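**Student:** Protein chains in written order, with our numbering: chain D, 1 to 229; chain Y, 230 to 422.
For the record, the hints were derived by calculation from the structure and aren't laboratory data. Given the structure is predicted, the values throughout are model-derived calculations rather than measurements. For each residue, glycine too, the CB sits at the ideal point set by N, CA and C. Hints may contain errors.
Stated by the list, open to error - Stretch by stretch, here's where chain Y covers chain D in the computed footprint (C-beta under 8 Å, at least three residues):
hint, stretch
1, 34–45
2, 52–63
3, 183–190
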Amino acid sequence: MKRFILILALLLTGSMVWAVDDATLLKEKSCQQYINEIGTTILNANKIDKHIIFTYNKDEYKKTMNDPTITKRQIIFYKEYFKYIDNDDEMAAFLAHQISRAVKSFSGEWGGFVSSAQIKFAPKKYEIFADKRAVDYMVNAGYNPIGLITLLNKIYPQNVLDKLIFHNPPTRRMAIVYEYIYNNYPYYLANNPYINNINYQNFLLNSVANRAKLKEKIQTGSTKRIKYD
Amino acid sequence: MIKYIMLFVLAVVLGVNCAFANTPVKDEFVEQTLAGKELIKPEPNLNYDYQDTDRVMIPIQITKKISSAGKYGAYEGMPLEFIVKENVFYNHKIVVPAGTKIKARVDIITGKGISGIPGELFITDFEIPNVPGYQIMEPISKRGQNRTLWILPLKWALTPLPPLGSFTNIIFGGDAVIKPKHTLKLYYYPNWI
Numbered sequence: 001m002k003r004f005i006l007i008l009a010l011l012l013t014g015s016m017v018w019a020v021d022d023a024t025l026l027k028e029k030s031c032q033q034y035i036n037e038i039g040t041t042i043l044n045a046n047k048i049d050k051h052i053i054f055t056y057n058k059d060e061y062k063k064t065m066n067d068p069t070i071t072k073r074q075i076i077f078y079k080e081y082f083k084y085i086d087n088d089d090e091m092a093a094f095l096a097h098q099i100s101r102a103v104k105s106f107s108g109e110w111g112g113f114v115s116s117a118q119i120k121f122a123p124k125k126y127e128i129f130a131d132k133r134a135v136d137y138m139v140n141a142g143y144n145p146i147g148l149i150t151l152l153n154k155i156y157p158q159n160v161l162d163k164l165i166f167h168n169p170p171t172r173r174m175a176i177v178y179e180y181i182y183n184n185y186p187y188y189l190a191n192n193p194y195i196n197n198i199n200y201q202n203f204l205l206n207s208v209a210n211r212a213k214l215k216e217k218i219q220t221g222s223t224k225r226i227k228y229d
Numbered sequence: 230m231i232k233y234i235m236l237f238v239l240a241v242v243l244g245v246n247c248a249f250a251n252t253p254v255k256d257e258f259v260e261q262t263l264a265g266k267e268l269i270k271p272e273p274n275l276n277y278d279y280q281d282t283d284r285v286m287i288p289i290q291i292t293k294k295i296s297s298a299g300k301y302g303a304y305e306g307m308p309l310e311f312i313v314k315e316n317v318f319y320n321h322k323i324v325v326p327a328g329t330k331i332k333a334r335v336d337i338i339t340g341k342g343i344s345g346i347p348g349e350l351f352i353t354d355f356e357i358p359n360v361p362g363y364q365i366m367e368p369i370s371k372r373g374q375n376r377t378l379w380i381l382p383l384k385w386a387l388t389p390l391p392p393l394g395s396f397t398n399i400i401f402g403g404d405a406v407i408k409p410k411h412t413l414k415l416y417y418y419p420n421w422i
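Bound-form chain D, shown alone:
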């Protein structure tokens, strides 16, 4: 009898472990499906005829030399990024930026090897390019491109050494994205559902000087590139 109870207890414990695993697996699967749906919509709506995949990773993000977006064309979305994503537009913004980097890595000589190396050599240049292209991708896929501004405002810190290191200050990126939306998709600024969003309001607050530069450019009819802070 004792042995029977022991075996029963063991069996029950085993099924509980399975139950937990199933729940975790289902949760991960739903995350993966959510990312796939938005990512693939962007690919299809933009007629991107390259093979790019999306992978949800529940592990912690660790910075490595290898960037799978441009080497494997595999866009990895780490669990911790969910902390910054509040809606579909912001998820689309994250994926669209990565998709534009992945698409760029297909172009050019040696099967895209040279382009991938160039993205590594000049990340600042291609970061801005990817932001602008991400806006196009989002609009074509039916997402609001203002989501890219609110995401950038939340996710990237303003590093003291931004002028020296390999990334643009987020304030500059947001200003460039704002200008790109203003020039190409002004509808979204004139009919802006994000106007009361606290992150968008924070962007408006921290971009007063940059937006004044854009205002001057528009008023003078200049075509020169603005040096945003």
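Since chain D is already given, all that's left is putting chain Y on it; use the hints.
**Tutor:** Using the frame of chain D, we list chain Y on its own:
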């Protein structure tokens, strides 16, 4: 009595806080420059069907020389004009006759960079008579001279002799140039919806 006074004070404090929290910063720049303009919401491309594989190439030539920098430097948003170089056929019928004028615009310009990175011009919004935009594969791009192709092997060869390998970083790529004699290829998918 004190309880009611405390409640009243709390209500006033909370009310004032809420009122401030709901006072947004206005985007006056947008209000001043876009107010009153008739702006159309861009139509997303969500009703696609990519079953058909038919593809037709449209050879086009620009009417005025442009480049990613310098004397002929283009700017983002710059309107462009192209001319179709030769008749374009589909199912033995001319779909775009030679000499047709096509409007387009410069979408994104990336400048040349260190390690031989070339400048690049991206062109989009092609307006071809009788051809809907969603049946055209765009944007198309033109790159300058890609010097990374020989700088990379040179850099690797010179790496054992520091700092010679690093000197290759200062070599820039070429500007992207589109001249009227250049023929660009635009692809048209006549059966895509």
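**Student:** Please go over all the hints and tell whether each is borne out by the structure.
**Tutor:** Hint check results:
1. 34–45: Our answer is that it holds, as 3 residues pass the Cβ test (under 8 Å) against chain Y, meeting three.
2. 52–63: violated (count 0)
3. 183–190: Since three or more residues must qualify, the claim that chain Y covers the stretch 183–190 of chain D holds, with 7 doing so at under 8 Å.
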